[in-house]
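Trainee: Heads up: the protein sequence lines correspond to chains A and B, in order. Its first residue numbered 1, the first sequence is counted upward by one per residue in the working numbering. Its first residue numbered 1, the second sequence is counted upward by one per residue in the working numbering.
Treat the hints as calculated values from the structure; they're not laboratory data. One or more of the hints may lead you astray.
Stated by the list, open to error - Subject to a maximum C-alpha distance of 30 angstroms in a straight line, what follows is the list of computed DSBU-like cross-link-like pairs (lysine-lysine):
1) A:Lys41 x A:Lys130
2) A:Lys85 x B:Lys205
3) A:Lys41 x A:Lys102
4) B:Lys206 x A:Lys102
5) B:Lys190 x A:Lys79
6) A:Lys109 x B:Lys206
7) B:Lys190 x B:Lys314
What the hints assert, rightly or not - Partner residues aside, some chain B positions facing chain A, computed with beta carbon under 10 angstroms:
8) Leu73
9) Tyr128
10) Gly367
No residue lacks a Cβ here, since even glycine has one placed at the ideal position from N, Cα and C.
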Amino acid sequence: MNIGGWKAISLAHGWSITIVGMSTVFIGLIGICVFILILNKLFSLQENFSFSGLLLKFPLTSHKSSQILDPQVREDAEKIYLLSKYVGGEFSLESILNLAQKRGVTISKKSIEILLKKGILTQSGENTYKLRKL
Amino acid sequence: MEQIIQYFSTTGFALIDAKYLTMILVGIVLIYLGIAKKYEPLLMVPIGFGILAGNIPHVIGTDISVTDKGSFLYYLYFGVKHELYPPIIFLGIGALTDFTPMLSRPILTLLGAAAQIGIFFTFLIALYIGFTPPEAASIGIIGGADGPTSIFLTAKLAPHLLGAISIAAYSYMALVPVIQPPIMKLLTTKEERKIRMEYPPDVPKKIKIIFPIAGFLITTFLAPPSLPLFGMLFLGNLIKESGVTDRLAHTASNALINAVTIFLGFTVGASNRAELFLTPKSIFIFFLGAFAFAIATAGGVLFAKFLNLFLKEKINPLVGAAGVSAVPNSARVVQMVAIEEDPTNFVLMHAMAPNVAGVIGSAIAAGVLWHFFA
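Chain A on its own, in the form it takes in the complex (with noise of 0.2 angstroms):
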């Protein structure tokens, strides 16, 4: 054992390592805060821009694609398409509809029919799909 006491600790440089390792701490994990606030402002950005990206393929009057899909269908699309986000691009039909309904989000099975036989969700592997690039 040293001699110990406030000149052991002023020998050590013990007060500047305090500080230096606290503020590097704090700098590091303030950093790593400030990154996902970014990022999470970012994604919901582009989750909005692509958000009405998909409104505009799928509108309601005067365009083509609203004689094939009902609001309903359409509805549940943009749905599907927001809660694949949080699943990966590929995602089980199951996942999904887990997700919705932790989420209190109803999307019919009937929507999912439709959306399979117009060709808006594919089969992408054996027990995943994906949505068509909008």
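Once you have looked at the hints, place chain B on chain A.
Mentor: Leaving out everything else, chain B in the frame of chain A:
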């Protein structure tokens, strides 16, 4: 007859003394705590058994202990001595950790930073008591409540204290439900403990994939000595979240981490030889370890209260206690204390945010201490 007597004189029965008996008793107590009380059994059982193996009395030159070059234990101990096992365990932790709570409410990350005050405060106290600076740094890191990080740093800075520090770190991690609640209750009011927090939103998959890459870059740029820990932690998390390397994630979070945990626990236990462990320093280390935990808990809780002065959506200050990185024990303790006040208040998900941030914070602190004393 002479040969029989000579052989008997080299056996453990003839060489045993009070020191070895004490250590064997310590080993049995740890095994008991792991099996009967379920205190960190995955580590307590191998460490306890390792203590038995490391304290078998033998004649010098038999080459069976961790320090005898060429022995089985010597080669297994190589992974501890050269800091191989802790980063591999971090790989498994990364593959097991879900950063979603932290990503969905990033402000809670700061509580994981505040709790690291326990490390530096204890470092100062250890210096004051008379430990050398590298020893003090190794003792302080117990306050990070992160076993692999404690071993990682101590193996580098104060290998002679590895046994006492690792046992103190894991014992206190197991004793989180005993140490933390009184401090949490002392520093909060009933009303504060009842604060409800809105359920955190989900996080897009892409953010979960980007985070380990960005997190790795930010932390290693800031604390390069901790690269082995961060590299493995974030790699583990990336292979989990990417969704295309499930086999790797499965191996890292099961077979690999389990195998390394056995080697780490057993050899750390075996390194606790009587002559190194039964010293006044060990008693100080155990005392300071408990102190470090207490300060870390208080730091997290008080910082949460401080943040509440500025936040519109208040944080339940109990969540701050999870800033010590004993994952997920301290988050569970937070939940336990919260439901004592209000059985319908679920804060576990929120507590997981500072809990995983604490893992990152303690590894940054280890990097800083490494830089100054290695």
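Trainee: Each hint needs a verdict: does it hold in this structure or not?
Mentor: Evaluated hints:
1. Simply put, Lys41 of chain A and Lys130 of chain A have alpha-carbon atoms about 25 angstroms apart, close enough for the 30 angstroms limit, and the pair holds.
2. Distance hint between Lys85 of chain A and Lys205 of chain B is fulfilled; the C-alpha atoms sit about 6 angstroms from each other, no more than 30 angstroms.
3. Restraint check for Lys41 of chain A and Lys102 of chain A: satisfied, since their Cα atoms lie roughly 23 angstroms apart, inside the 30 angstroms limit.
4. Simply put, Lys206 of chain B and Lys102 of chain A have alpha-carbon atoms about 20 angstroms apart, close enough for the 30 angstroms limit, and the pair holds.
5. Under the criterion of a C-alpha separation no larger than 30 angstroms, the hint pairing Lys190 of chain B with Lys79 of chain A is inconsistent with the structure, at around 41 angstroms.
6. At most 30 angstroms may separate the alpha-carbon atoms for a hinted pair to count; Lys109 of chain A and Lys206 of chain B meet this at roughly 27 angstroms.
7. At most 30 angstroms may separate the alpha-carbon atoms for a hinted pair to count; Lys190 of chain B and Lys314 of chain B meet this at roughly 15 angstroms.
8. Using the Cβ-Cβ criterion of 10 angstroms, the hint placing Leu73 of chain B at the interface with chain A is not satisfied: the shortest such distance is roughly 29 angstroms.
9. For the restraint placing Tyr128 of chain B at the interface with chain A, the shortest Cβ-Cβ distance is roughly 6 angstroms, inside the 10 angstroms limit, so the hint holds.
10. Among the interface hints, the one on Gly367 of chain B holds; its C-beta lies about 8 angstroms from the nearest C-beta in chain A, closer than the 10 angstroms criterion.
Consistency note: the structure conflicts with the earlier hints numbered 5, 8.
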